[in-house]
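Trainee: Kindly generate the complete structure, drawing on both the sequences and the hints.
Protein chains in written order, with this note's numbering: chain A, -8 to 343; chain B, -8 to 343; chain C, 2 to 326; chain D, 2 to 326.
Treat the hints with care, as some may be off.
Unchecked claim - So the derived label-pair ranges between C-beta atoms look like this: (1) B:N305 to C:R220: 35 to 43 Å; (2) C:T199 to D:E189: 54 to 62 Å; (3) C:A223 to D:S326: 33 to 41 Å; (4) D:R182 to A:R(-3): 53 to 61 Å; (5) D:L180 to A:R(-3): 47 to 55 Å; (6) A:A335 to C:R16: 50 to 58 Å; (7) D:G75 to A:R(-3): 42 to 50 Å; (8) A:G88 to B:P193: 34 to 42 Å.
Since the hints were derived computationally from the structure, they do not count as laboratory data. Even glycine gets a Cβ: it sits at the ideal position worked out from N, Cα and C.
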Amino acid sequence: MTASPRRLAVLSMTGRLRRGQRPSLDDAQVREGLELMLLSRLFDARATTLQRLGRWGVHSPVEGQEAAVVGACLAVDPGRDWLVPQYREFPAYIHHGMPLAGIAAFFTGHPAQGRIPDGVRMLPIQVAIAAQLPHAAGLAWGLRRQGGGAVVLAYCGDGATSEGDFHEACNLAGRMQAPVVFLVQNNGWAISTPRSLQSATPSLALRALGYGFPGVRVDGNDLLAVHQATATAVARARAGEGPTLIEADTYRYSFHNTTDNPAAYADPVELAAARRQDPIERVRRYLTQRGAWDPAREAAVRERLTATLDAAVNAAARLPPPGPDECFDDIYARPPARLLRQRAGHGAPSEA
Amino acid sequence: MTASPRRLAVLSMTGRLRRGQRPSLDDAQVREGLELMLLSRLFDARATTLQRLGRWGVHSPVEGQEAAVVGACLAVDPGRDWLVPQYREFPAYIHHGMPLAGIAAFFTGHPAQGRIPDGVRMLPIQVAIAAQLPHAAGLAWGLRRQGGGAVVLAYCGDGATSEGDFHEACNLAGRMQAPVVFLVQNNGWAISTPRSLQSATPSLALRALGYGFPGVRVDGNDLLAVHQATATAVARARAGEGPTLIEADTYRYSFHNTTDNPAAYADPVELAAARRQDPIERVRRYLTQRGAWDPAREAAVRERLTATLDAAVNAAARLPPPGPDECFDDIYARPPARLLRQRAGHGAPSEA
Amino acid sequence: MPQMTLVEAVRDALRLELRRDPRVMLLGLDIGRLGGVFRATDGLQAEFGAERVVDMPLAEAAIVGASIGLAVAGFVPVAEIQFLGFTHQAFHQIGPQVGRWRQRSRGRFSAPLVIRAPFGGGIRSPEFHSDAIEAQFVQTPGIKVVMPASPYDAKGLLLEAIRDPDPVLFCEPDRLYRLHRQEVPAGEYTIPFGQARTVREGDDVTLVAWSAAVELCERAAAQLDGEGIAATVLDLRTLVPLDVEGLVRAATRTGRVVVVHEAPLSAGFGAEVAATIQEEAFFALDGPVRRVAAWDAPYPSAALEASYLPTVARVVAAARAAVRS
Amino acid sequence: MPQMTLVEAVRDALRLELRRDPRVMLLGLDIGRLGGVFRATDGLQAEFGAERVVDMPLAEAAIVGASIGLAVAGFVPVAEIQFLGFTHQAFHQIGPQVGRWRQRSRGRFSAPLVIRAPFGGGIRSPEFHSDAIEAQFVQTPGIKVVMPASPYDAKGLLLEAIRDPDPVLFCEPDRLYRLHRQEVPAGEYTIPFGQARTVREGDDVTLVAWSAAVELCERAAAQLDGEGIAATVLDLRTLVPLDVEGLVRAATRTGRVVVVHEAPLSAGFGAEVAATIQEEAFFALDGPVRRVAAWDAPYPSAALEASYLPTVARVVAAARAAVRS
Ligand SMILES: Cc1ncc(C[n+]2csc(CCOP(=O)(O)OP(=O)(O)O)c2C)c(N)n1
Ligand SMILES: Cc1ncc(C[n+]2csc(CCOP(=O)(O)OP(=O)(O)O)c2C)c(N)n1
Ligand SMILES: [Mg+2]
Ligand SMILES: [Mg+2]
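Mentor: Here is the structure:
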């Protein structure tokens, strides 16, 4: 049996370039990445607080996985490429052009939640695990048919790789040489189910062989490693060489979502070990060592991000409550008469 | 990317043992295999004729794939192990204890079709592609929990490997270290869809890596190769070491089933080449060279098999036609009152 | 006007749309070189190429799921699921994904795709091939459900379906594929959704059906005619949208209604028809809306089809009982 | 007698069966150490071990499909699908496989398994978590469909379901999981399938419901009482088998019926109830059977739940209209 593929790593724990590695991002780009990662962590904290206060709905924090999300999305071009989310990729949505206020509206349970502005090349978040992957394969296939070199970046989790949809999508993408990058965030958990109970395979990246395209494993807490692997995959896809599967090994610091109770199942020792590999801290050290970051700058950035976040949260809170009719909106382009009648009467025929 | 795994082959085209190979079956066992293969081909011809005459239902011939089916089933013990069919494994059902008359009854469309005698460790044939594989994984998992070393042999086709069920079943089997052998008959086609359009992977056996168990590729027209690979996999499973995936490369000589028209899509040159690798002829030569087979023996065997077949076909034809009520049978152990009422009145309430 | 069978009418519609609109593409199992297991797409790959008429891997959820993605890219996918029974393998991509695509994106995205699927009993098919599961799709809002019963309707409704901006499940009765020929215009025409077709008129009883059951009702009506019972036969054509007005009109006219379908009785779409009619036209009814359906049993093996499916005799008996009441 | 919430009653039933019958095993997502996302299996893995209470890979079709295989091996699997909406991912393993297992094998094999699934709206869950798709399983014969509405019933019906030799879909209303406590016997007891429960009696109108809608109807009935309208509330408990006699009895007594459910109107199980009542008790009805249901729209986002789901006000209005007619 083939052993697990070597895990690509670029940065050491202390934020130094590993021997023989060169950064695939310049300092300004890494700084952009760090800002997204910081925003993400601020957002997690805010969303959790607001959920606890009953003002926001269920939230799935990115905490601990920021490098895996951001490293990948920095490798695609929001002006050209498509992003296909699962749900745990908040900073990628921002990078791809989704307004923070729209995301905040989503969390208030407001029906405007899913509206992605025209021109933002992103599909709605997907609650049904792995269901977005066949969409991503079809979208990438369609983009290939159109020419133009656009690429799809599709995210999912380690749990998602057990679903039939993961398989069917990967196989189709391989068969169609579709320009798609499947980015698996292996965060160690699917709710309470550890990666070890999800599959006996030593690495999810090995799956790619069975679909006829490359599988790559990266240190998912290493922004530069994730970026490098994704950039390589994106270049391949743009060149018409088809999909790549990337397994980014990372760790979920917090609960699965705000309804979860990890105390029932998670191992504090394992968590403490993971926290020592913090993806943000590593980038902070890297930039600091290069003279491109310092506490003052961080304080300024945090202040700016917090203000942005405040504004978005407040805007969402000020949204007029949806009208009762809005549950009839956007179902059909040409709604059946019966639905129009239900809307008009707000009552089944019996109640008219 | 890993290249396709080496293809295990034991017999040469002329039926000689390849260098360094030893037969995993003695001559008497190979003869048993050859008889099953001959019966299978007689059955294909008969079923096709009867279908053309309108007396039998749709039939999917095994022709060309006899070594892949028989080599595998000879490696399991009908008195202990379970067989999980798709639908193109006729001789395996016979070997596992299914009476020929029962199979004949199946083809007359008689409702007794699916009845597998008590004690025959076989699931009903499965028309929904790949749907049997999660059953096989669950059954094997259950057998492991019970101890006793029983093993499951599950068949499917190359097309089936594209279904989500294939993936979910393999992954579960790996996770549970379930004693199951997944035998993929890669016969080059899923109806009219060639293997090349099914997946970009160079070998379906590579899929196993992604589930954490061995994948093996064999010359599926080589009875001894298929047997050897399956026997190894069965031994592994019995020893508690979990599943194996075997890809047996073979070729479908004939139509997908009796409603199909391969003239529309199949390549006669490819077919002619495949026919030159006939699995039966190879075994015939092997045994003849060892002095264990000759034309007189073959004639006698054919006569006996034909008589058996005649008897089964006639028995099925003599079955009393099913009563109109039989469509209510065997739905529930404790049928709902409404169904009983439908049965009693043979009419919906309206018609009572 | 050319004479066409139902399957020829389907093929004709597909060809016209492939010619008219470069965004249209077909995808499914064996639809290319083979031309589909019923030959509905015969010759189309040769005419339009393997990029527009695509043989897919054996994975129904991927066929439907990829269609959503193709639609986002700007294509108009017409997916074939080899038999309606195998939409079950794609169920999670149909109702929860296709049906909610517009809602989830708040109108940003639509899913202007068609899922074609042959189905229905009476031709001794293997298991699952006959399953009439249309009602399940009516319980998943966001999808239109179209059930043609004649060559003319098949073509006009399929052209409408491909042009409709909403997702459409288009169920083709395989028993009728080659049963009759009918005059079908050679060019383009569409039949609007939600308008039932009055197949024949009569004052005594209304037989409501869709798809292959319409043919059954026509035969039953002919027999009832011989007994002096004049039946209206109403072909719903589409279950979503449902022609509630058409149902009420016919029920009001005849006062007696029998609904006929091939699916099992319980929670079949006949229940919706009966419930709707009695809700909307209760005081015009002379008696209950009656249902003739398959039993609450899975589709049986070939030798038992005849005693499982609704028959002319059962429809006639129900109509007689209705008229007597 | 102990007081239990509905989710505690479910847990109690599971524990009793795991103790009583060594063949019983639980499998599902996160049911082990976490004890399930609603804690329905809390503590059971600790008591019975990880071989009998099994955390599964994230693959619904494998959970259901493996249950069939486990049943063949002699186990009695109780599978949890995390939310009923995700049975769609396993749909092809439920209706066409579980539901036909006995028929396909001509009685050689049975599928004595239970599929448990929480569902229902009103608790601001994410997409799919609220979907009430029970009618779709009624259209797939071979499966029994059980919909408890109270702690007492949940325990008795679940014990019955596990012991029933047929496959059972057991839908648990998550909105009611912790809403009320009720006296529930500590030991074993079973409630037979197919017998509706009369929750309260009244002569003016019958409100028919199942699962969480029963609670809604109780509130509506209380309000109607204040207006001088006496309502019977009938809890169907099981959709398959359906208590046709119980429906006819109540309809005959009150002459007016309102069916209430959380699923969309069209082809919801309310249609079956209405169709059946008017078929079986037409001349006892004073007016049409009315339906109060969700709209023919996908379940909306949290902020719109209240205007999507049936409300007490809508039930009361329908009952009033029925009584006036
Ligand atoms: C089809 C489906 N099944 C079950 C669920 C319930 N569920 C929500 S999140 C989750 C775990 C997902 O794990 P993973 O894919 O690793 O993503 P992560 O949450 O770790 O980012 C589950 C089982 C679901 N949303 N969809
Ligand atoms: C789920 C499902 N989809 C489609 C079909 C229709 N169908 C019947 S056989 C077949 C091809 C199967 O190919 P393969 O798995 O290679 O097996 P083979 O027939 O070659 O033995 C298809 C698509 C089916 N029976 N089940
Ligand atoms: Mg995860
Ligand atoms: Mg094949």
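Trainee: If you test the structure against every hint from before, which numbers come out violated?
Mentor: 6
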